[in-house]
Each structure stands twice: as structure tokens, then as C-alpha cells.
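Asks: Here is how the chains run, residue by residue.
2 protein chains.
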Amino acid sequence: MKINYKHSIIITLMLLSFEIASAQEKTQLVRLAKLQIDPAQLENYRAILKEEIEASVRLEPGVLTLYAVAEKDKPTHITILEIYANTDAYKAHLLTPHFIKYKTGTADMVKALELVETDPLIPGMKIK
Amino acid sequence: MKINYKHSIIITLMLLSFEIASAQEKTQLVRLAKLQIDPAQLENYRAILKEEIEASVRLEPGVLTLYAVAEKDKPTHITILEIYANTDAYKAHLLTPHFIKYKTGTADMVKALELVETDPLIPGMKIK
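Residue numbers (numbering that gives the first Met the number 0), protein chains in the order written: chain A, 0 to 127; chain B, 0 to 127.
Chain A with its partners taken away, still in its complex shape (with noise of 0.2 Å):
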């Protein structure tokens, strides 16, 4: 294949574009939320977490993801994968009124919560 100067302005841009999309990925802040919930309000914790994820990740560029997932053997046992873009992305999602509507609305509900720091193997991995 003979190159030409519109294929090296092409190839050019698509290093370009893997280098910043790279960059970006470095920056991510990927977590595990670990949560017990109370059992008696389960079924009203899972209804306020499902709307704050859903405005969280409608709402919030930076919000790539809230994955929840509950235990099939102990479904009071919840993890959510949390991927914010930046540290930035984070800051500002602890200040939206959906956040805190979930916080305050929550907190007589969660019987523990740990957060486990991670980093992910592959930076950029989507779900189909």
C-alpha cells in the first residue's frame, strides 16, 4: 500500500485519538462498593439506589458506570462497580441532589459499607 499524505493525516488522527482516549482511561476512578442492607427495608433501599444510578449515570458525564449487583444467596449483600472518569467526576457527584436525596434517604438502611480502591487489568473494558 502506497501512503499518501490524506492517509498519514488519517493515521495520524487515530494515534492521536488512542493516545487521548488512553490518557483519559489513566485517570479513571474504579472502585468496589461492598453494602449489607438492613433486611427489613430491602426492597425500598433497592427502588432509591435504582433511581439514583439512573439519574447518576443519565445526569453525570463523568459517571461511566454504577454496576449493582446483589448476592443470589444473600441478596441483602450488594456490590456496585463504580467507574468515575476522574477525581473530579467523583467530587462532583457526591454534591448532585440525587446523590444526596440517596445518602440522607439511605443511611438508617445500609448496615455496612466498604470501599475497596481497585485497579482495573484492562482500562477501557465496556460491556456489549
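Just so you know, these hints were derived from the structure itself, not from any lab.
What you are looking at is a predicted structure, and each value in this text was computed from that prediction instead of being measured.
Every residue gets a Cβ at the ideal spot worked out from N, C-alpha and C, and that includes glycine.
A portion of the hints provided could be inaccurate.
Using 20 Å as the maximum straight-line C-alpha spacing, the simulated PhoX-like pairs for lysine-lysine come out as follows [as the list claims (entries may be wrong)]:
no., chain 1, residue 1, chain 2, residue 2
1, B, K127, A, K125
2, A, K100, A, K90
3, B, K33, A, K73
4, A, K25, B, K49
5, A, K127, B, K125
Where chain A lies over chain B, by a calculated footprint (3+ residues, C-beta under 8 Å) [stated by the list, open to error]:
no., segment
6, 51-60
7, 66-75
8, 78-87
9, 108-119
Let chain A serve as the given structure and place chain B on it in line with the hints.
Replies: Below, chain B alone, put in the same frame as chain A:
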């Protein structure tokens, strides 16, 4: 707005595709794999896991994600959020050359493995 014949076909198709998406999400297999790796072999293990995940996600349409994280404070503690389209996709995954290579190649590196079956709070949640 007057709803004509063309509109009603479009609306029907939209509803249908929504129904199909929901039905597909209901069949998903979502779980957390929690691993502890031999510290002396961690670097080697990470390389083999990375290769296996990249092959799985690239070659298997039914592997929706394998999002692996290592705890910052305990890098030998690895958690993988695994999402498969359905049970058949998972069974097929276990028979792929790349999975078998991973499983046999890391057998003596994995000191503990716990598979926790889960239900997602919001099926269909993505990573932006």
C-alpha cells in the same frame, strides 16, 4: 400529532426491539469471581488473564464483559464482574481454547476462587 400507518409500524418495531432487549437481559448470567493469586506469580497470572479476557470478549459474542479489578491495597485479590448473554454462551466459553489455556496455565497460581452468582439491579447497564 396524527399517527399514520408508517408511524404505527415504527412504534411497533421500537416496542418489539425493546421487548427483545428485555428478554435478552433476563437470560443473562451475571456473577462475581473472587480470586486470590500466589504473590510470587502475580505478574505472570495478570498477563495470562489479560490475554484470556481479550480473546473472550473479541471472539465470543455471548461474553458481554469480563471486567477485572485488583485491590489497590491487596493486588493479589482480584475480582471479575462476568456477564454472559445466557447459560449456553457461558458453557461454550468454558470449551474455548483460550479459556482452557487460561485454566490449565494458571491452575497453580490461583490460591482461592469463589464464584458468587448475582442478580443485576439494572440489567442492561453499560459502561460509557
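Asks: Now tell me, hint by hint, if it's right for this structure.
Replies: Do the hints match the structure? See the list:
{"no.": "1", "hint": "B/K127 - A/K125", "verdict": "7 Å, holds"}
{"no.": "2", "hint": "A/K100 - A/K90", "verdict": "16 Å, holds"}
{"no.": "3", "hint": "B/K33 - A/K73", "verdict": "16 Å, holds"}
{"no.": "4", "hint": "A/K25 - B/K49", "verdict": "17 Å, holds"}
{"no.": "5", "hint": "A/K127 - B/K125", "verdict": "7 Å, holds"}
{"no.": "6", "hint": "51-60", "verdict": "holds (count 4)"}
{"no.": "7", "hint": "66-75", "verdict": "holds (count 8)"}
{"no.": "8", "hint": "78-87", "verdict": "holds (count 3)"}
{"no.": "9", "hint": "108-119", "verdict": "holds (count 5)"}
The structure agrees with every numbered hint stated previously.
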